[in-house]
Amino acid sequence: MASVTAPPPSYNSGAPPTYEDFEKEVERLKQKAASDPTFKQNVKESFIKGSGSDDNLKIIREGVDLFTQNITKINSAFDDIRVKLYEVDKKELKDRTGTTWKGESKWNVLRDEWKSLLRDSQDTALKSVARCDEFQLFCEGVMKITSLEDPRYRDTITELENFIQVPDPVGRTYNPSDVEKQAMTHSEAFQKLKEKLTNFKADFGDFADYQKVQIKDDLATLNRKISDIEIEIKSDETMILSLGVALGVTIFSTLAGGVVAAAMGPLSPLAIIALVIGSLLAIGEAGTLAYFIGEWYKKTAQRDKWKDEVKGKEALEATLVAIVSKLENQETGLGFILTQVDLLKNVWHTISNEAYLIANMLKDAKDKKTLTYFQDEINHAKEAYKELSSSLAKYSRAG
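Residues 1 to 399 in our numbering are what the sequence shown lists, from first letter to last.
Treat the hints as calculated values from the structure; they're not laboratory data. Treat the hints loosely; a few may be bogus.
Claimed, not checked - No more than 20 Å apart at the CA atoms, straight line, and that leaves these computed lysine to any residue pairs for SDA-like:
1) K106 / T124
2) K311 / L219
3) K106 / A77
4) K234 / A189
5) K106 / K234
As the list claims (entries may be wrong) - Have a look at the derived ranges for each label pair, beta carbon to beta carbon:
6) E62 / R96: 18 to 24 Å
7) K115 / L66: 17 to 23 Å
8) I157 / T72: 40 to 46 Å
Please read these numbers as outputs of a predicted model, since none were measured by experiment. Idealized CB from N, CA, C, for every residue including glycine.
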């Protein structure tokens, strides 16, 4: 089928329009549609032809693929954030009120709500696949009507009216006077989930900001302690190394040490100190050095412990930053996805609305000419209906 998708519009009239200009233009077109039936009909014809075009169907497929991929990403992000929150919770950290922060259990509630809403929407989509396929059969039947006197003409209208009245999986029936409201509003459950996610992000952000201040202070204290104790350690090491020189047991004055140094580069001061201490202990000459050597070991152990604490604090800060970032992305991504998921929950009624429009257009047919014109519109649109069925099936399996 030839493409009728127009290229993106360009604007070459000086300064770009403002948002106010945009609002005025939308209102102008609405008024024109209300007052000019020919304009409205021309737009409708172009839209119907475009909906079944190859280019438009390609865009739909790409959009569905991206949509299902995003659902998988959101599911994965819910789990990733849960794991990170569990790691934070284990540390028994306090918020600025002095209360121990516990985020994983709260997050699990949000995750479960999301999965429940998604599952309900996907169940409806899956059940709507058969309904969409049945609707396509009606479209094929419309194409076979030869005239207004054809018995299939009246039978098809009756069957469509019965089809429209079939309630959706949760028992709601289609109301043609409520179509616009249905298209423009979303269920309370989805809105509440979005609000809860926003509130959780704000609460965690405040907790993270408070903790980052504490971490900064703790790091300053730890690094100062490490700096001070390293001066003491270096002094002790220098003393022991000087003893090694006096005893003639440096790596360059002993055969074994010289071989190792030549083969692998100079040994570290710690290795030399260990050799000096080990040698003195072996011949029973450690004496009063034993206490100071013990203190040196304690200092190095304390320094290493503080360094590990620094790494832990830095890792915690990185985790907090990562969670905040993931929550930002999750709020943005989920806000957009929820709208689509919610709309798909109403896809049963979207199909009913299409059936309602077709039934009314059949009723409005005056003669063979208008019937043929209407059939031509159906012929253009039916490819889009096929794509809807395929898309619903793919969406029902997403995640």
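Hint by hint, here is what the structure shows:
Simply put, K106 and T124 have alpha-carbon atoms about 28 Å apart, too far for the 20 Å limit, and the pair is violated. Using a Cα cut-off of 20 Å, the hinted pair K311 and L219 holds, with the two alpha carbons roughly 9 Å apart. Of the supplied pair hints, the one linking K106 and A77 holds, its CA atoms being roughly 15 Å apart against a limit of 20 Å. The suggested pairing of K234 with A189 is violated, with an alpha-carbon distance near 64 Å, which exceeds 20 Å.
Restraint check: the Cα-Cα separation between K106 and K234 comes to about 49 Å, which exceeds 20 Å; the hinted pair is violated. Restraint check, E62 to R96: a C-beta distance of roughly 46 Å breaks the suggested window 18 to 24 Å. Between K115 and L66 the CB atoms are about 20 Å apart, so this pair conforms to the stated range of 17 to 23 Å. Taking 40 to 46 Å as the suggested C-beta distance range, the pair I157 and T72 conforms, at roughly 43 Å.
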